[in-house]
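Asks: Chains as they are written, first to last, in my numbering: chain A, 611 to 983; chain B, 44 to 294.
If you are wondering where the hints come from, they were derived from the structure by calculation, not from laboratory data.
As the structure is a computational prediction, the values presented were derived from the model and not from experiment.
There's no promise every hint is true.
[Claimed, not checked] The calculated DSSO-like cross-link candidates involving lysine-lysine, where the alpha carbons are at most 27 angstroms apart (straight line), are: (1) K76/B to K976/A; (2) K829/A to K60/B; (3) K60/B to K267/B; (4) K829/A to K102/B; (5) K980/A to K102/B; (6) K976/A to K102/B; (7) K980/A to K76/B; (8) K102/B to K75/B.
Residue strings, one per chain:
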Amino acid sequence: MNWLRVREFVRKEFIQLFRDRKNRHLLVIAPLIQLLVFGYVVSTDVRDIRVAILDQSRTRESRMLKDALDANRTFRITHYAGNSTELEEILVSREVDLAVKIGPDFTEHIRRGDSSPIQILADGSMSNMASVRIAYSSLVLDRFNRNLIRELYPERIDYGKIDARIRTWYNPNLDSRNFYVPGIVAFLIMLISLLFTSMAIIREREAGTIEQLIVTPLKPVELILGKTIPYIMIAQAQMVMVTVFAIFWFSIPLQGSLSLLFAATCLFLLSTLGIGLFISTISATQQQAMMTTFFFILPFFMLSGFVFPIANMPLVVQWLTYLNPLRYFLVIIRGIFLKGVGLEILWPQLLALTVIGLIVFTCAVKRFRKTLD
Amino acid sequence: MTTSGPDVIHVEDLEKKFGRFVAVDRISFSVKKGEIFGFLGPNGAGKSTTIRMLCGIIKPTSGHGVVAGHDIFTDAEEIKGSIGYMSQRFSLYEDMTPFENIRFYLGVYSVPLEEWDDRIEWVFEMTRLQDVRHRLARELPPGWRQRLALGCALLHRPEIVFLDEPTSGVDPITRRHFWEFIDHLARAGVTVFVTTHYMDEAHNCERIVMINEGSIVATGSPSKIIGEVFPDRADADLNDVFIRLMARRNE
Numbered sequence: 611m612n613w614l615r616v617r618e619f620v621r622k623e624f625i626q627l628f629r630d631r632k633n634r635h636l637l638v639i640a641p642l643i644q645l646l647v648f649g650y651v652v653s654t655d656v657r658d659i660r661v662a663i664l665d666q667s668r669t670r671e672s673r674m675l676k677d678a679l680d681a682n683r684t685f686r687i688t689h690y691a692g693n694s695t696e697l698e699e700i701l702v703s704r705e706v707d708l709a710v711k712i713g714p715d716f717t718e719h720i721r722r723g724d725s726s727p728i729q730i731l732a733d734g735s736m737s738n739m740a741s742v743r744i745a746y747s748s749l750v751l752d753r754f755n756r757n758l759i760r761e762l763y764p765e766r767i768d769y770g771k772i773d774a775r776i777r778t779w780y781n782p783n784l785d786s787r788n789f790y791v792p793g794i795v796a797f798l799i800m801l802i803s804l805l806f807t808s809m810a811i812i813r814e815r816e817a818g819t820i821e822q823l824i825v826t827p828l829k830p831v832e833l834i835l836g837k838t839i840p841y842i843m844i845a846q847a848q849m850v851m852v853t854v855f856a857i858f859w860f861s862i863p864l865q866g867s868l869s870l871l872f873a874a875t876c877l878f879l880l881s882t883l884g885i886g887l888f889i890s891t892i893s894a895t896q897q898q899a900m901m902t903t904f905f906f907i908l909p910f911f912m913l914s915g916f917v918f919p920i921a922n923m924p925l926v927v928q929w930l931t932y933l934n935p936l937r938y939f940l941v942i943i944r945g946i947f948l949k950g951v952g953l954e955i956l957w958p959q960l961l962a963l964t965v966i967g968l969i970v971f972t973c974a975v976k977r978f979r980k981t982l983d
Numbered sequence: 044m045t046t047s048g049p050d051v052i053h054v055e056d057l058e059k060k061f062g063r064f065v066a067v068d069r070i071s072f073s074v075k076k077g078e079i080f081g082f083l084g085p086n087g088a089g090k091s092t093t094i095r096m097l098c099g100i101i102k103p104t105s106g107h108g109v110v111a112g113h114d115i116f117t118d119a120e121e122i123k124g125s126i127g128y129m130s131q132r133f134s135l136y137e138d139m140t141p142f143e144n145i146r147f148y149l150g151v152y153s154v155p156l157e158e159w160d161d162r163i164e165w166v167f168e169m170t171r172l173q174d175v176r177h178r179l180a181r182e183l184p185p186g187w188r189q190r191l192a193l194g195c196a197l198l199h200r201p202e203i204v205f206l207d208e209p210t211s212g213v214d215p216i217t218r219r220h221f222w223e224f225i226d227h228l229a230r231a232g233v234t235v236f237v238t239t240h241y242m243d244e245a246h247n248c249e250r251i252v253m254i255n256e257g258s259i260v261a262t263g264s265p266s267k268i269i270g271e272v273f274p275d276r277a278d279a280d281l282n283d284v285f286i287r288l289m290a291r292r293n294e
C-alpha cells in the first residue's frame, strides 16, 4: 500500500465531486433541506383535535361537558351540528377528527344516578391518530366524571386511591421530533454514502477511465480506499452539519458523547460503503446503480424501526431486521442524542455494526477485485 | 535508424481464448529496446487483446511472454510500473484540467515528490499544453487531448510505451507531429509499441507485425514485407500489402 497514491486519489475524487455544481448542492444544501422538511413533517404528535358536537340535551350538564372539552388546549370545538345526519357528514368530509353526540336524555340519566351514554365517533382512517384522539377524549371525560361526582355527592367520603405520577424520561414532553430527527440524520448519512460510492466507481467505468487506472501500479485496495475515504469524510462532515442544525434549529438535545457518535458513524459507514461497492459491481450504468440503491434503501428504511416499531413486526421479519445495519445505528444515535448513554449500554449495537460492516465490506471488496480482473 | 539492443518484449506461442473463441492464436514475436514496433491488423484481429495481455490487464490462456524483464503470467503487476499505456479512447478525466490529470498520474505512479515540478514542466513542454494547463480536458480539441494522454503515459519515464491507435481521429498535421515525437522518444531509448490503421504511418516503424484473425501473417521491416509479398512490383506500398494479406485470410 502506497499512501501517496491513496492521497492523490482522494484529492482527485474531491476535485471531481466538487467540480460538478449539482453535486455541491446535493452534498451541502440537500441534507439541510431534507432535515428541515422532514423535521417538521415527520411528526405523529396529536396537538389539535377538531370536534363537532351535536347537543340534543341542551342542559347545564351538557354545557359542562362541552366546556370541559373546550377548556382542554388539545380540543377545539369547530362545528355544532343540528342533527345526526349533519354530524356524520361533518365527520365524513374530514372537517373534524371527532364527533360527539349528546343524546336528549343525557341529563335525566345522570340525575337518576345512572350512567349516561354519549357517542363519540372518530375518523379511523388514520388508525394511529384515531386511537390517540380517543385516548385523549377518555381522559377529559374521566376528569369530567370526577367533577360531576364531587358535585352531586359533596359529602361522599373518598377512600384511598392510587395516584399515578407519570414522568417520561429522555423525552419529557414526548416530542416526536426528538425521536425522528436523529433517525433522519442516520438515514441521510446512509443515503449519501451508499449512492455516491456506487456512482463514483461506475462513473469511471462508464467514462473508460478505469482502463487507464488498470495499467498503472495502482492496487485494488488503494483504488477502494481512494473511492471510500472521500465519502467517509463527506459523511462525517454532513454528520457535523446536520447534528449542529438539529441541536440549534430543532433544539434536539444531544445528551451523549460526540466522539462516540462519530466512532459509531464510522462503523455504520463500513456497511453502507460496502453495499455501495457491491452495487457498483452489479450495475453497468449510473442509472442502474441509482435504481439498485433505492431497491436496497427501502427495506433498510422500513425494517429499521425508524417509523414502524420492530416489536410490532411478524417474528420472521423481526429476525430479518437483525441484518439491517440501520436498525443498530438508529438505536445508537437515539441513545446518544436522547439518553446520553455510552459504550456500557450501546456495546451490543456497536459490536453488531462492526461484525456486519466487516462482513459486508470484505465481501464487497472481494467481489469488486474480481470485476477488475 | 538501426537498433540491435536486447529484447524488451519477448512472446512465444501466446494464446488467448474467450470461451471457445480464439482471439489470439499462438503468436510469437520480440521487440528490441528503443525500437518503434508497429502492430498492424484490421479491427477484431486481436491487436488490443495482445496489448492488454502485454500490459498485464488480462491473463493469457497459454504460452510465454516477458515484458520489461517480467513474466506476464506471474509478474503482471510488476510490468505496470515499467510501461506506459495510451488507449484508443481518451481515458483521462475530462472534468479535470491537464494539470490535475498530470498531478494525479504522478501520484498514481508514485513518482517521488521532489521530482514532480520538473516532470510537470517537462510534460507541458513536450506536449505544448502550457497555455491550457488550467482548462478542462473536455474543452480541448481531440489532438490536444491525445497529447495530454501521451504525456500522462510517459510521466513515470517508462521503458516501453504501448500506443493503441494513438492517431485515430487526429488531423494530419497533428499526426505528423505525433510521429516526430515518437521518433524522438525512440532515440531516447524508449521502446514504442504502436498499433495503427494508417499504413502511411506504419512506414515510420522499424519493424512491423501484421496480424489477422489472431495469427501473425507477416513480420519484418516495411520494405522487407513489401518485397516479400510483391516481389515483382516496385510501386507497391504497405497499403497494397495490407489489403492483399487480409483478403487472403478472408477468402
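Asks: So which of those numbered hints doesn't the model satisfy?
Replies: 1, 3 and 7
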